[in-house]
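On the provided structure of chain S, position chain C as indicated by the hints.
Protein chains: 2
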Amino acid sequence: MKLATSVLHIFAVVCLLLISACNAETQWRVLKPENTVLMTLPHGKVVIELAPQFSPKHVQQFSTLIKDGHYDGNKFYRVIDGFVAQGGPEDGSIKDKSVPLLAIEGEWKTDKNWSFTKVQDNDLFAEQTGFKNGFAMGYNPSEKAAWLVHCPGTIAMARGNEADSASSHFYIPNGQALRYLDRIMTVFGRVVFGMEHIQALKRTSVIEGQPAVDSRDFTAMIRMEMMSDVPKNQQIIIEIENTEDAAFTQRLVKHRKRENPFFYKKPLPVLDICQVPLKARLIK
Amino acid sequence: MKLATSVLHIFAVVCLLLISACNAETQWRVLKPENTVLMTLPHGKVVIELAPQFSPKHVQQFSTLIKDGHYDGNKFYRVIDGFVAQGGPEDGSIKDKSVPLLAIEGEWKTDKNWSFTKVQDNDLFAEQTGFKNGFAMGYNPSEKAAWLVHCPGTIAMARGNEADSASSHFYIPNGQALRYLDRIMTVFGRVVFGMEHIQALKRTSVIEGQPAVDSRDFTAMIRMEMMSDVPKNQQIIIEIENTEDAAFTQRLVKHRKRENPFFYKKPLPVLDICQVPLKARLIK
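So the sequences go chain by chain: S and C.
Under this note's numbering, the residue at position 27 of the first sequence is numbered 27, and the numbers go up by one with no gaps.
Under this note's numbering, the residue at position 273 of the second sequence is numbered 557, and the numbers go up by one with no gaps.
For reference, chain S alone in the conformation it holds in the complex (with noise of 0.2 Å):
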């Protein structure tokens, strides 16, 4: 392991002093079927990857419940443009009381070999922000804590005023990033694939003067399938830029740098944790 940092280290450092003749490949890391959700809209597919590294208990909840048929035909009844589309059972039903409430895991603490490949200091919400195992996240050194930041597309657990009181209600963010809404909220996935999909639903919420939604017309998850339950043939496999990869450490600072001619003025050289996509590719 630490030879492995060194080398990436010396990479860098080369790839710093002579960026341009060093191009060095994205590296791809496959998504596990076992890892990654199905999620069939009446519009189209979505794929979201899980963070049991980071959220266990989570997505153990949320990955029994998918395979008990739990959410399969569950409304997204708070759909509200600039913010998140919220599904799940019908509010009060059995079905909803019946799922045990979840400690909330929504930050953790480090420990002095912890790291992450670093984006940028003084975030407005973080002393520090990064992405691990393809995950973006904030990190505070002076706390000693990390967590699962809230980007567009980003999956999280909605809950009651308690911060134990989630359950199986989810939400996605659908436009700027809610920030606010970190380390308060388990924040357990992300959207891979289809993302365009969850910005179509219908929205539920209207502006005064509009008539109210009738909540028949609200959109429905037709079903929602662990990968590795999908026949074989209907699979959707993914693959990510390895994050970890010195690819993507050159890709960051290319990025900051902006070197492409339409920058006839440079931006400042900072980066917005939510406004650094990464690269992904479908296998099947």
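Rather than coming from a laboratory, the hints here were simulated on the basis of the structure.
Please note: incorrect hints may appear among the correct ones.
To be verified - The calculated DMTMM-like cross-link candidates involving lysine to aspartate or glutamate, where the alpha carbons are at most 20 Å apart (straight line), are:
| id | chain 1 | residue 1 | chain 2 | residue 2 |
| --- | --- | --- | --- | --- |
| 1 | S | LYS45 | C | GLU492 |
| 2 | C | LYS538 | C | GLU309 |
| 3 | S | LYS32 | S | GLU239 |
| 4 | S | LYS257 | C | GLU446 |
| 5 | C | LYS568 | S | GLU208 |
Leaving out everything else, chain C in the frame of chain S:
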């Protein structure tokens, strides 16, 4: 004007002291039909407020082109998830080439009397952020410069590599704010109604491994009209909360404090300028 400012100031201070006793009613600003655009898409109607006070030449050209029917039937030919929806005439066509080029209006100089409703200090891309006349902006006192920022739903003119090369192609960010484009592009308005229809536009770009999208499937703007040219009984008249009023300042204070019991642990008292949605209502 001076009196109004003083009264506003006193009111704001009293509100800060007696926050709960001071629920100022939202003050509304009606959008003028001659300053508003109606975009008719196959799947819905979108209303855009223009900003002639900040980007006069772009607004003038855009309005003239709309009245000439320049955009009717144009395609959204570059719709990339988490980035932009861009539209305009066929590239290189006579229609395209006939449009005069515009000098950039990406920022402007402020004098000592310049002011806005401040939202946040030390934003990643600006010394200060805030609102003026309902538009989100950045402001660097050290440079005496201010500009309209790129939030989801702002409309800006596309350009080539040169600063003064915009003509009629425009884009609307559809995901996380593209703040690194601030000051080097001309933002000239924002979507105030129907943003969900922009988000639902057919994507034109695919990831590696996906079949390409047939350009015949790209979404067309059926019609673009100045609202003042729309028959009165078909006009969509919107009001937006007045960002110069004490009620708005007071709402910002509350917003930042997150006093709702849902926040069992308070987030940092900071606001992302692109995550401060302005209230809107439909008059007719």
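To see whether the hints hold, each was checked on the structure:
Between LYS45/S and GLU492/C, the direct Cα distance comes to roughly 17 Å. Compliance with the 20 Å bound is thereby established for this hinted pair. Between LYS538/C and GLU309/C the alpha-carbon distance is near 14 Å, which keeps this suggested pair within the 20 Å criterion. Of the supplied pair hints, the one linking LYS32/S and GLU239/S holds, its CA atoms being roughly 9 Å apart against a limit of 20 Å. Of the supplied pair hints, the one linking LYS257/S and GLU446/C holds, its CA atoms being roughly 18 Å apart against a limit of 20 Å.
Taking the CA atoms of LYS568/C and GLU208/S, the gap is near 11 Å; set against the 20 Å cutoff, the hint holds.
In this structure, every one of the numbered hints holds.
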